[in-house]
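*Asks:* Whole structure, please, built from the sequences with the hints as guidance.
Number of protein chains: 2
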Amino acid sequence: MASSSPSSLSPPEVPMELHVSNRQKLLDSLLRHLSDSARPLHGLVLLQGGEEQTRYCTDHIELFRQESYFAYLFGVREPGLYGAIDIATGKSILFAPRLPADYAVWMGEIKPLPYFQERYMVSMVYYTDEIVQVLVDQYKGFGKPLLFLLHGLNTDSNNFSKPAEFEGIEKFETDLTTLHPILTECRVFKSDLELALIQFANDISSEAHVEVMRKTKAGVKEYQLESMFLHHTYMYGGCRHCSYTCICATGENSAVLHYGHAAAPNDKILEDGDMALLDMGAEYSFYGSDITCSFPVNGKFTSDQSLIYNAVLDAHNVVITTMKPGVSWVDMHRLAEKIILESLIKGNILVGNIDDMMVERLGAMFMPHGLGHFLGIDTHDPGGYPKGVERPKEPGLKSLRTARQLQEGMVITVEPGCYFIDALLVPAMENANTSKFFNCEIVDRFKNFGGVRIESDVLVTANGSKNMTKVPRETWEIEAVMAGGPWPPLSKASSYTENGGEAKI
Amino acid sequence: MASSSPSSLSPPEVPMELHVSNRQKLLDSLLRHLSDSARPLHGLVLLQGGEEQTRYCTDHIELFRQESYFAYLFGVREPGLYGAIDIATGKSILFAPRLPADYAVWMGEIKPLPYFQERYMVSMVYYTDEIVQVLVDQYKGFGKPLLFLLHGLNTDSNNFSKPAEFEGIEKFETDLTTLHPILTECRVFKSDLELALIQFANDISSEAHVEVMRKTKAGVKEYQLESMFLHHTYMYGGCRHCSYTCICATGENSAVLHYGHAAAPNDKILEDGDMALLDMGAEYSFYGSDITCSFPVNGKFTSDQSLIYNAVLDAHNVVITTMKPGVSWVDMHRLAEKIILESLIKGNILVGNIDDMMVERLGAMFMPHGLGHFLGIDTHDPGGYPKGVERPKEPGLKSLRTARQLQEGMVITVEPGCYFIDALLVPAMENANTSKFFNCEIVDRFKNFGGVRIESDVLVTANGSKNMTKVPRETWEIEAVMAGGPWPPLSKASSYTENGGEAKI
Ligand SMILES: [Mn+2]
Ligand SMILES: [Mn+2]
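As given, the protein sequences belong to chains A and B, one line each in that order. Take the first sequence: its position 328, counted from the start at 1, is 328 in our numbering, and no numbers get skipped. Take the second sequence: its position 1, counted from the start at 1, is 1 in our numbering, and no numbers get skipped.
Take the hints with a grain of salt, since some may be wrong.
Put simply, identical chains are the same to the list, so a pair is met inside one copy or across any two.
Calculated cross-link-like contacts (lysine to aspartate or glutamate; reagent style DMTMM-like; alpha-carbon spacing at most 25 Å) [unchecked claim]:
(1) Lys111 to Glu430
(2) Lys162 to Glu52
(3) Lys393 to Glu167
(4) Lys140 to Asp28
(5) Lys217 to Asp137
(6) Lys162 to Glu62
(7) Lys338 to Glu430
(8) Lys268 to Glu52
(9) Lys447 to Glu109
(10) Lys398 to Asp59
(11) Lys25 to Glu13
(12) Lys162 to Glu51
(13) Lys162 to Glu173
(14) Lys140 to Glu167
(15) Lys324 to Asp102
(16) Lys144 to Asp102
(17) Lys268 to Glu17
(18) Lys111 to Glu52
(19) Lys221 to Asp129
(20) Lys300 to Glu474
Honestly, the hints are just simulated from the structure, not real lab data.
*Replies:* Have a look at this one:
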């Protein structure tokens, strides 16, 4: 219930058992894989944690954020460490940098090795300059000790992860192919401890979205919405990092999918009559959220705004209620497209047969991005295209960050959108195969509309799905909240409870 | 005067003439240098702007911040550009990346070349793939065209700036030594247009410090102070970037000079009786601020807190009133040390002869960092050690980021501090040469005190100096503001007006 305090939340304790169990999960998978391929059950997994980066040639240090695979296995917030897991014994080892004495003056207490052992719940801790000796001593196999290093493609960035490097690595055999797909697959399925953090990131971000929504009005600048969001999630949620740069797009800008970066820096002044599209999510102890709310700046939907908004909301809701293990994500994308196109037909923006439109991939002219992506330690969490899963080639579908079937434990964003993008619609209206579908006069009315996106973070459960995002979604809910009404709502008859969230009254 | 609105400020327009005049200044200096060394007056200055960076192997894009030398000359906020200045004609040229068609869908409008020409007030704009041809055509000398590239040491980071790289560079002669020292020296002396931005960064940051001070109390977490500062400067000042990671140190943490980084992340809960040391500064349109306030968490100085605080404040004030062109910065550092040591003698913490203490470099045991550094587009602005200026070797003094004589137009931080750091004091109290100076029993009383730093940004004027930072400094001013009193103060009889700021009533 709405109260005078700006937040009902506070940052929860983070149990390091989370990372212990992540390591155990990797160990189990790796042992199973080695055993299935009749390979010896020894060797050491070795990962290199991230390093602090300075800006260009200066001594300006960027705020450090741990590399995600390393964070998954070890939960370490400090830079410059290495981590190992001995396959034969299951023992975990951290290697911490040996810091110079004046670190204590400039940077703070030099934490003794037992600090790392205790805090991160690993079996042993040494200095990084002891890596070679410790790993050699630890190894229980024959011949050169075997290291499983992390090397593999990130299918969103097309970049490769950087395998650990250290002086003396030539004393080891290295395996660069086994670890990455297995560790990536571990990350796809979230444990209850991981889900609790993603839920908190969702809770504080949902609350911040509502706070921002209430303070939105004409005359405010887009970046002020960003500032309010960042402040709420840090102040009350302890979230120092965001999952991604905030997208605070209003008016025409809401048709720019990745608005908000340095060359389009959330700098428009909100105008009466604009739609706002706010895609903002906080990260809590490495685990993220990714939430988009769309609503009218002045707090009241026009009929055109309702038309597009409800087209997207229908798609969002039907997808979530259809989701369950075994369902294909590509089918969900097509389902969302179809619902949106049907609404556009009902709204007289499009004319013709829906199946013909689907054949011509008309949906991709209004929603050029994929329906959603895995979410976890990365906003675009890896694992969308493991070996054997092919990326579709058709417009729209080729932007999908996964084409997998859903399985229990996956967390995936559901983020249908409908945008009026000249760069796509003008050619489509001129194209011989698609021009016939457009009611050009009415499309013209939406020329400066921008777009709508509705994005929630959804857990695939044993029998269905659970929406972890808790923001007003129905048009009347949004209007009520923007008019000062309580959130969460007092009545149970709202979409908020229907989607699986628990009402907090 | 304090009002009900949280800010009396709003972000000013940024005139691009600022960067036009920066370019003209470089051109004049370069022509003078070439002429003095009897070298031909042609060639092209070429700089490569910064590129967006992704995080590790992922597609997570870090918020882009332009490289500082490039920002100085061109003021460009977008990534991926190059910029040139033709020495013979004085003409400036930007090269912008040729963006793929789908940039318009994902990232926003593809700005046409004239946009860059107009916005950044350059003579010509081309695409980056036209660099070779344009520069060859532009060159007015004989033989291979000559490029002046940026390559030189940053004396704070010990890193080298990266000279521009592009395909076809072998068609040019390159000069890697001339540009860096000349351009760096240009940056040392601030124009009025630059000063206006540094002043605004100071104004909004000063206001934010006061806001934070008022909301500080026991039970709050250090990072909540950071969050309030970031919010105030972004919300009301449009400052998306900070000059550096906020240092919000309370209690013992205030003795850690660079507290606040990922391994010491502002996560302590404030306690009654703690001192707070908040070193936070916003950046506005590339130009920064760097401000430290120290004050008691509960709003009332104890006598011990007053003792240390006033020791540092005296040093801060005397240095600022002594500063003028011709004064050596090393002498200012020693002056600050001496004033602090004298106060510690008066306070019975130290005993003995001040000159003997200075010979033993006792000041560095309490203030191990330098008195201050140039401030501009970088927090540690370059130019502190041009050719011919040697870095001192003594404790404390060797940490100085410049050993130059002051000159009109320099902006330099004045940030004396006094800290109780075990790692320094314990050895000094055991050392045969210095142990005699310590009243160990009293030092012991300060064991968990932490430290005090007072930092203002000061412009060297023709006859003296001007303090650009406008925060409560006297203990009674701080106590009054923390008790809810107005800021700026209503009376003119405060340090606020004495230091050269104009009272805004
Ligand atoms: Mn998303
Ligand atoms: Mn400083």
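*Asks:* Determine for every hint whether it applies to the structure shown.
*Replies:* Right, here's what the structure says about each hint:
1. For the homomeric pair lysine 111 and glutamate 430, the shortest alpha-carbon distance between copies (24 Å) is at most 25 Å, but the shortest distance inside one copy (66 Å) is not.
2. Within a single copy, lysine 162 and glutamate 52 get their C-alpha atoms as close as 15 Å, and across copies as close as 19 Å, so both meet the 25 Å cut-off.
3. Taking the closest pair of Cα atoms, lysine 393 and glutamate 167 never come within 25 Å of each other, the shortest separation being 44 Å inside a single copy and 33 Å across copies.
4. Within a single copy, lysine 140 and aspartate 28 get their C-alpha atoms as close as 18 Å, which meets the 25 Å cut-off; across copies the closest is 69 Å, which misses it.
5. With identical chains, the CA atoms of lysine 217 and aspartate 137 are never at most 25 Å apart, being 65 Å at best within one copy and 52 Å at best between copies.
6. In this assembly of identical chains, the alpha carbons of lysine 162 and glutamate 62 lie at most 25 Å apart whether taken from the same copy (20 Å) or from different copies (18 Å).
7. In this assembly of identical chains, the alpha carbons of lysine 338 and glutamate 430 lie at most 25 Å apart only when taken from the same copy (22 Å versus 79 Å across copies).
8. Taking the closest pair of Cα atoms, lysine 268 and glutamate 52 come within 25 Å of each other only across two copies (22 Å); inside a single copy the shortest separation is 34 Å, beyond that limit.
9. For the homomeric pair lysine 447 and glutamate 109, the shortest alpha-carbon distance between copies (15 Å) is at most 25 Å, but the shortest distance inside one copy (59 Å) is not.
10. Proximity of lysine 398 and aspartate 59 under a CA criterion of 25 Å is satisfied inter-copy only: 17 Å between copies versus 41 Å inside one chain copy.
11. For the identical chains of this complex, lysine 25 and glutamate 13 are intra-copy neighbours only, at 22 Å inside a copy versus 55 Å across copies, given an alpha-carbon limit of 25 Å.
12. Within a single copy, lysine 162 and glutamate 51 get their C-alpha atoms as close as 12 Å, and across copies as close as 20 Å, so both meet the 25 Å cut-off.
13. Taking the shortest Cα distances, lysine 162 and glutamate 173 sit within 25 Å of each other inside one copy (17 Å), while across copies they are farther apart (36 Å).
14. In this homomeric assembly, lysine 140 and glutamate 167 come within 25 Å of each other (Cα to Cα) only inside a single copy, at 21 Å, whereas the closest approach across copies is 51 Å.
15. In this assembly of identical chains, the alpha carbons of lysine 324 and aspartate 102 never lie at most 25 Å apart, being 56 Å within a copy and 33 Å across copies at closest.
16. In this assembly of identical chains, lysine 144 and aspartate 102 lie within 25 Å of each other by CA distance neither inside one copy nor across copies; the values are 38 Å within and 50 Å between.
17. For the identical chains of this complex, lysine 268 and glutamate 17 are inter-copy neighbours only, at 23 Å across copies versus 45 Å inside a copy, given an alpha-carbon limit of 25 Å.
18. For the homomeric pair lysine 111 and glutamate 52, the shortest alpha-carbon distance inside one copy (18 Å) is at most 25 Å, but the shortest distance between copies (34 Å) is not.
19. For a Cα distance limit of 25 Å, the shortest separation of lysine 221 from aspartate 129 qualifies neither inside one copy, at 51 Å, nor across copies, at 36 Å.
20. For a Cα distance limit of 25 Å, the shortest separation of lysine 300 from glutamate 474 inside one copy, 12 Å, qualifies, whereas the shortest one across copies, 51 Å, does not.
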